[in-house]
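Number of protein chains: 2
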Amino acid sequence: MPVPENLNIVPFISVENMMDLVIAVGTETFLLELAGYIEDDFRRWESFDKVPRVASHSRDGVIELMPTSDGRLYGFKYVNGHPKNTRSGRQTVTAFGVLSDVDSGYPLLLSEMTILTALRTAATSAVAARYLAPRNARTMALIGNGAQSEFQALAFKTLLGVDHLRLYDIDPAATDRCRRNLDRFGFRIEACRSAEQAVEGAEIITTVTADKQNATILTDNMVGAGVHINAVGGDCPGKTELHRDILLRSDIFVEFPPQTRIEGEIQQLAAGHPVTELWRVIAGELPGRRSETQVTLFDSVGFATEDFSALRYVRDKISGSRYFNQLDLLADPDEPRDLFGMLLRRQAALAAA
Amino acid sequence: MPVPENLNIVPFISVENMMDLVIAVGTETFLLELAGYIEDDFRRWESFDKVPRVASHSRDGVIELMPTSDGRLYGFKYVNGHPKNTRSGRQTVTAFGVLSDVDSGYPLLLSEMTILTALRTAATSAVAARYLAPRNARTMALIGNGAQSEFQALAFKTLLGVDHLRLYDIDPAATDRCRRNLDRFGFRIEACRSAEQAVEGAEIITTVTADKQNATILTDNMVGAGVHINAVGGDCPGKTELHRDILLRSDIFVEFPPQTRIEGEIQQLAAGHPVTELWRVIAGELPGRRSETQVTLFDSVGFATEDFSALRYVRDKISGSRYFNQLDLLADPDEPRDLFGMLLRRQAALAAA
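Residue numbers (our numbering), protein chains in the order written: chain A, 1 to 353; chain B, 1 to 353.
If we strip away everything but chain A, and leave its shape as in the complex, we get:
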């Protein structure tokens, strides 16, 4: 077998290259194509190794590893969640990820995933909403106007045709910024002074707040019949956004139940409370929305397969492009068993130079 060259090199997508890739593809097209990869992988859900993410909790946040594999590719994401980070100019959530070849164990791609996570979370929400939201929904309340809000808005516009947004954030400056950022994308946008006001007339309610605590962003009286709730912000133990009564009258759809029962809104419910796995709906095994009056809830926490899909997508997109660098990440001695000799030869080369 011919030995491939440059076995030491792993393609790397920096933050700047990720931005340039998204801009070159177009944010809306990127979300649409990415949603296709996510949907494809949900459809073949049973071919994935699935484990709840491996979380390391500390006083102010959490660091998580999210691995999965389909037997041909292996992917994992490193992601933190530190709500107080904004005080020091840092992101609440940063992430990076790796896609590898299962047969050799060699990484095929290292990528920033702070931007990519926002995109995949939004794409996943919109994929779920295509099965769960009221038909022809065009109005969405967007509660929490932080780093992920515009991505959610654009995904719902691109995949569902949502073009009317009702924004609310406890920080009016965040709402102003979100509105400004979305200015050119053809939405009708209303800034609201309360969550109560934001949900008025909304067929879809997206909650994407960041506090690490049990908050009550939505109370039961705020959720009318027929609404779809896209609950994105509650995603770790002790961090929820919805009042328990809403959960009790909703049909709840989740990604991976063992993880969602720990991290999602349903941590407020009994361990046996019935939920529907989203993949079964996407695969056509179970119905999504069944009636005009049903309240549907996508209790999104983010699952490893979605990151896997995102890494798979960007790997395909950068092929032949200039949107990556070559990272000297893997030792590649002339003779594979001679790792120490590589060091000796480097030493000789340095001495000769």
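No lab work stands behind these hints: they were computed from the structure.
In this text the structure is predicted, and so the values were computed from the model without any measurement.
Among the clues, some could well be false.
[Said to hold, decoys possible] Ranges of calculated distance between the beta carbons of each label pair, as one might list FRET restraints:
id	chain 1	residue 1	chain 2	residue 2	range
1	A	P83	B	N136	30 to 40 Å
2	B	P172	A	L350	27 to 37 Å
3	A	R59	B	D316	21 to 31 Å
4	B	E335	A	G284	37 to 47 Å
5	B	D60	A	E196	49 to 59 Å
6	A	G186	B	P258	52 to 62 Å
7	B	E335	A	E292	36 to 46 Å
8	A	G186	B	R87	48 to 58 Å
Cβ coordinates follow ideal geometry from the N, Cα and C atoms, glycine included.
We have chain A; now place chain B onto it with these hints.
Relative to the frame of chain A, chain B by itself:
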């Protein structure tokens, strides 16, 4: 609080920079200093979050994530083990790792760890042997002369004064290469034609073979009284090197019992078979070697704290040096909640350029 600059940047140690760092420090000094970090962290074992590594097994190998944290720093390593990789010119084991700040969740360092793993494995073996090997041992059988063998030899020379090596590998070319690579380091080296021959007169037996199967590198009759066995190669389910009878008459020392019972030589024994945690010996809680006739066995599988120590060490070593690059890994918008705005501003800048 002043906002630090360049929050997007994570220092990155490439393979080349790792080699240059090791060469600049000197391999023996590097092993000695690294052993100090490993010993320090074993001594404060109880301050670490410990979980068995998260393994994804496939037909030809395994991909593992090994996280740990001491509450201030968080580290993880990605490592694969694919014995057939050498056929395609690849390494059996490659690795990279990340060290992060627990308070912010931000990565502080990304490093190659293929070379670093060989160094930390050897340093850990030598640390263990200082407590377990016969006093003044100078002769070591080294069975398996692949990628890790020279590192083991040098660590035992540097930390214990072992200067007589008896080499054996099923592939004589591997033995030749190992011997040649160690030529300048002041060992007396004998190439042996069998494992039986190699162990003759050896006070320490190091097994570091790579097959993913239950092999019997050592049988019971080969192990005399008073010997210390440093069993490095058996490190995943179904991969062992020693005959069970050896285990039954050895005092067995392990890193993290829940992991070693799955991956180590002791997977051959009952779940309740007594073992001693190495950290308790290093911390002075329990004795190491107690007699001249005792057979001691370090059932090494490699644990996350050792990688943590290694990352901590290289982070300290590269401070102020030229042995790293700056990696644009983390999105850093002007305003932390404005991730989407960063994309818009990049787009505007590209359009204006």
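Broken hints, by number: 1
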